[in-house]
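Student: As they're listed, the protein sequences go chains A and B. Under the UniProt record's numbering, the residue at position 98 of the first sequence is numbered 98, and the numbers go up by one with no gaps. Under the UniProt record's numbering, the residue at position 468 of the second sequence is numbered 468, and the numbers go up by one with no gaps.
Calculated directly from the structure, the hints in this document are not laboratory data. Please note that the accuracy of each hint is not assured.
When chains are identical, the list treats them as one kind, so a pair holds in a single copy or across two.
Subject to a maximum C-alpha distance of 20 Å in a straight line, what follows is the list of computed SDA-like cross-link-like pairs (lysine to any residue) [said to hold, decoys possible]:
{"no.": "1", "residue 1": "K192", "residue 2": "G282"}
{"no.": "2", "residue 1": "K522", "residue 2": "T242"}
{"no.": "3", "residue 1": "K98", "residue 2": "Y298"}
{"no.": "4", "residue 1": "K192", "residue 2": "A310"}
{"no.": "5", "residue 1": "K439", "residue 2": "R165"}
{"no.": "6", "residue 1": "K511", "residue 2": "S186"}
{"no.": "7", "residue 1": "K421", "residue 2": "R279"}
{"no.": "8", "residue 1": "K421", "residue 2": "S118"}
{"no.": "9", "residue 1": "K522", "residue 2": "G243"}
None of these values were measured; they are calculated from a predicted model.
2 protein chains.
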Amino acid sequence: MNAPMAVSKGPRRKFWSWGYEGQEIPESEVKSMHARVAQRLGMSDFTVLKDPTLDEIEIRAPRITPPASLTSFCTTAKWDRVAHSYGKSFRDLAMIYKRKYPNPPDIVAYPRDEKDISAVLDWCGENGYAAVTYGGGSSVVGGINPPDDSHYKGVVTIDLENFNRVLEVDPISRAARIQSGTLGPSLETQLKPHGFTLRHIPQSWEFSSLGGWIATRSSGHYATHLTHIDEMVESLRVVTPTGTIENRRLPSSGAGPNPDRAFIGSEGTLGIITEAWMRLQGRVRFRANAAVSFKTFYQGAKAVRQITQAGLYPANCRYLDEKDAFFYGAGDGSESMLLIGYESADHPVDAWLERSLEICRDFGGTVKDQAGSGGAALENSRSGAQGSWRNQFRYLPYLMHVRAAMGIISFTFETAYTWDKFEAVDAEIMRRIADAEKKICGGGIVCRRFSFLYADGPAPYYSIMAPSSHEKNIEHYAALNKVASDALIELGATITHHHAVGRSFRPWYDKEIDPGFVRMMKASKRELDPNWVLNPGVLFDRPAM
Amino acid sequence: MNAPMAVSKGPRRKFWSWGYEGQEIPESEVKSMHARVAQRLGMSDFTVLKDPTLDEIEIRAPRITPPASLTSFCTTAKWDRVAHSYGKSFRDLAMIYKRKYPNPPDIVAYPRDEKDISAVLDWCGENGYAAVTYGGGSSVVGGINPPDDSHYKGVVTIDLENFNRVLEVDPISRAARIQSGTLGPSLETQLKPHGFTLRHIPQSWEFSSLGGWIATRSSGHYATHLTHIDEMVESLRVVTPTGTIENRRLPSSGAGPNPDRAFIGSEGTLGIITEAWMRLQGRVRFRANAAVSFKTFYQGAKAVRQITQAGLYPANCRYLDEKDAFFYGAGDGSESMLLIGYESADHPVDAWLERSLEICRDFGGTVKDQAGSGGAALENSRSGAQGSWRNQFRYLPYLMHVRAAMGIISFTFETAYTWDKFEAVDAEIMRRIADAEKKICGGGIVCRRFSFLYADGPAPYYSIMAPSSHEKNIEHYAALNKVASDALIELGATITHHHAVGRSFRPWYDKEIDPGFVRMMKASKRELDPNWVLNPGVLFDRPAM
C-alpha cells in the first residue's frame, strides 16, 4: 500500500527538537549554551553533531496498514512515524542525533472524534496491536515511545491533535470543559476572552496537552497548594476499549472512591481521556514577590519549610542552590536563591509576602528584590534574579537538543520526600551522584532546587551534567540514571514527583509501589482493556497471553 | 456454646444513643428539645417513648460461633451484638426505639493486632461469612449495619477499638502514624503533648474513628481547602483478605494513580485500614472571625461564592439560612447568618478576614461581631452567634435520640453541586421537600446551610423535620428520603458530600456513578477479596456466587 495522504492538520513540529518547523534558534543562543556547558564541565572541545534531516533517518516498513475504514484519519507516512517515535528524554534526543529509529510506530492515527478513537481501539484489540496515546509528545520518561514487545504485531500511535478545543466555559463556577489534546498556549488563548486561566504551566507547556498533564499527574505553575493537575480536575471523560466512562461534574463528593483519581496518573494504560471539566483561576491582578539569598542551601531550606508549614501558600517558591542559581542567571554562584511570589485575582497579597520574608530573615536570608502592590511586582518578576530564572525556565526546552548534540550527559531527575529526612537524603543523593559522575564520566556537576513544596516535604529537582562522548553517552546516561533512581527508592523518596513513570522508570516504580496496588490496577486494566491494547509496559506488565 | 467472656476493653457506650453509659443528659436539655421541636412543628403533644434497656431487646441466637483459635478476641454476647447492630441514622434510632433488631451481627471481634484481623478474614472467607468493619459506629448511611443477604451464613463485626494509639510523631514533617480505630478525642489527646493537632472535627468526632473518616471521606473542621480527610492522608496501611498493602509515606508523588485514593472512600469493601500516616497542623495561635447577617440566603450566597473563589481559604465559613440560624441560636429567624473565621499557628490573619468582610459588605451583609488579633477572637468564637452555633453543633448528637423517641421525622441530607446551578437546584430541592412534607406528613420544615465550600461549588446541608407517628415514622422517613435523594441525582448533585453511601444510599449512588467505574471497583474487589467477605452490599453488588 502507498502511504496515505497526510492526515494531520496541525502545524509541523521539528521531529528532532523543541519547536515548530521554521522556528529558528538564534546561533548566538546555541553558542552561548556551548560556552556555558564548556565552562561548567571544564571542557574545551566537543564534536557537535548536525541536526538530523528526515532523509537521513531509516525506518523499517510499517508492519501493518490501516483498513479502508480508518484511512481517512490514519497514516503510515514517514514523517508522522518518525515524529512519533520519541519523546524528549535525554536518551530520546541522543538516539535522534544518532539517527537511530529501531522502533517507530507503524501507524499514526489522528482521530477526529471519539468514534474514531473507538474504531482504532477495536481494530487494535481484534488484531493484537498496541495503541499509544500521544498528546504533546513531551514525555521524558518513555511514556509515548512505542512498546518494544514482540507480542504485538503492530503499534498505532493515537495523536489527539484534533481534540483541541475549549468546548464550554462556566463563568459562575469558574470551570471549563476542554478537549484533552489542547496544548498549553491554545488552551490559554481560548480561555482568555472569558477572563480566566488554567494557570497550569509546566516547563513543557508549549508542547504538552491537557490530557497528557492529567494522565501523568503533571505539576505546573503553583509551587504550593495547587501543584498537581489532580486538584484542578472537576471531572473526566475517558474512552476505553470497553466503553466510555463519564464522571459527574462536581465540586467535591464523598460518594465512594473518587472515580477521576483512578485515571489521573494512569499514563494511558486504562483509557484515553478525551475531555475534562477543569477548575479555572481568575486572571492575576495583584502580585508581591521577592528574591532572597541564603549562605547555604540547608539554611534556606529551613526557612522554606517554615513558610510551607505556615499555610501561606506562595504561588512561586522556587529555591535554587548556588550552582542552579548561577546556571539560571539568578545568582553569582556563591549563594542559594529563593524566588518567592504571591498572586491573587482578588486582593493585595503584601501581608502574605511580608510574613514570608520575616521568616526568611529569621533564618539569615537576605532580601534582594522585593515588590508588592505599591510597587512594580509584575516587572520585578520579569527582571533581576526572578526574571532571569523565568526566562531560562521557559527557553531551556528549545536548547535541550544542543546538549544532546554535544555528546555530553545532561538530564534531570525529580522526587519528593518528607522533611524529617531532607538533609540526610539530599546529602546522600548528592554524594552518590558526584561519586558516580567521577567513576563513570570522570567528572561532572550536580545541583538542585525545590520545584514544589508541601507542608510535609519538598519536591527537589536535581540537574546533572557530565562529560561523555557520542559513543558512550547513552550507556553513561543509563548508568548515572540507575544510581539516581536506586538512591531515590532506597532512601524512601518517590521515583517521580511530576515527570511520571513511563517505560524508563518502571524498574523503580515496581519497587516503590505495593504489589497489592499493582494487582488492583491490573484487575481494572483487564476489565476495561481485556486485549491489553493501551500503552502496554507502562506502570505494570502485560500478563502472559 | 456459652457466650464468651467480654472481650471488649473499651468503656461501654449506650447502645441506644450518643455517649457513654452513665453519661447523663440533663432532663432540662431533653425538655428544651421537646419544646423546640413542638414550636418548630406547631405540635402540642407527643408520645415520647422510653429509652430502651438491654433486657427489652430480643435478638436471634448467633448463627455461627467462633472457633477456639478466635475466642480470645471474639464474642457472641448480647450487649456486643446489640450495640453493633445499628449506626446513628434516623432510621437506626427509630428501629432502636421500636426495640426491633431483626439483623444483629452473629459475632463481634475485637482484634488486638493485624494477625487477628487476618485470622478473622480467613475464617470468614473459608466459611462464607461476611465481615463488617466498625470504627466509631457513627454511620448515618447504614455503613456498619450487618448486610441482609442470605448468601452469607453469618456476619462478623470487626470492632477496631484496640487500634487506638498514635504510634509515631514526626515533628519535622508534621505527621503522625496513627492506628485507625483511634477516636477523635483520644487522637487529639495523644497529639497534644507534641504540640500538634489533626484538626479534623466532624460532628461525630467524639464517637468516630480515624479509619472511619478515611473509609468514608469524612469532612471535618475546615470549611474550605482541607475539607475532606483525603487531603490529610500521607499514606495508608490496609489489611485485605489476600495480603497487607502498605503505601510509601510521601508528601506527594506523580508515580501512577495515587494508591491511597483507591482506599479512601472504599467504605470497608476492599480492605481494613489499620494505620495511616496523617498530616498534622500546628496548634492555633492567631484567630480572626465575625458573624455577618444577610437579608436573603441567595444574596449572602453570592458573597460566600466570591470569598471562596478569592483564594482566601477561611477555616470556618458556615452559612446558615434564617431557619437554621434560629434553630442553632445564631439568629432571630429573620436573616441568614454567615459565621466566618480564619486561624493560623504562624501569623495574624486579620488581612484575610478584612477582605472577606469587604466582600460581604459589597453584597449587603451586616457585620455583627468581629474580632481579630487585637481583640478577643477566641472568646468571640465561643460567644454570640458563633458560640451558639458551635455549642449546638457539638451537643446535638447527644439529643438525636430524643427526636426519634418523639415519633417525628428528623434527618439531614447533604450534597455538593456547582455554583452555576446553585439557586435553581436549591430552590427546586426546597420546593420538592416542602411539597413532600405536606403530602406525606401534613407539614414540616426544611432549612439549609453551607457546610463546606469550593471555588466551583458549595456543599449544602439540608435539615428536615416533620410530624409523624411511631407507627409511620420509618415509612414516612423512607418516602421523604427518596424525594430528597431523587432530587439530588436528577438535578446533577452528588448523593453525598461527606456522609458516605453505605447501604442506605446505594440506589442513588448507582445512578450517580458511571457503570464503567463500578466495573473497575468490582475488579479490584475480586482481586483483593475473592470470597467477597468485606462489607457486601456497600458501593456495589455481590456477583452471583
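Student: Which of the listed hints are not met by the structure?
Tutor: 3, 5, 6 and 8
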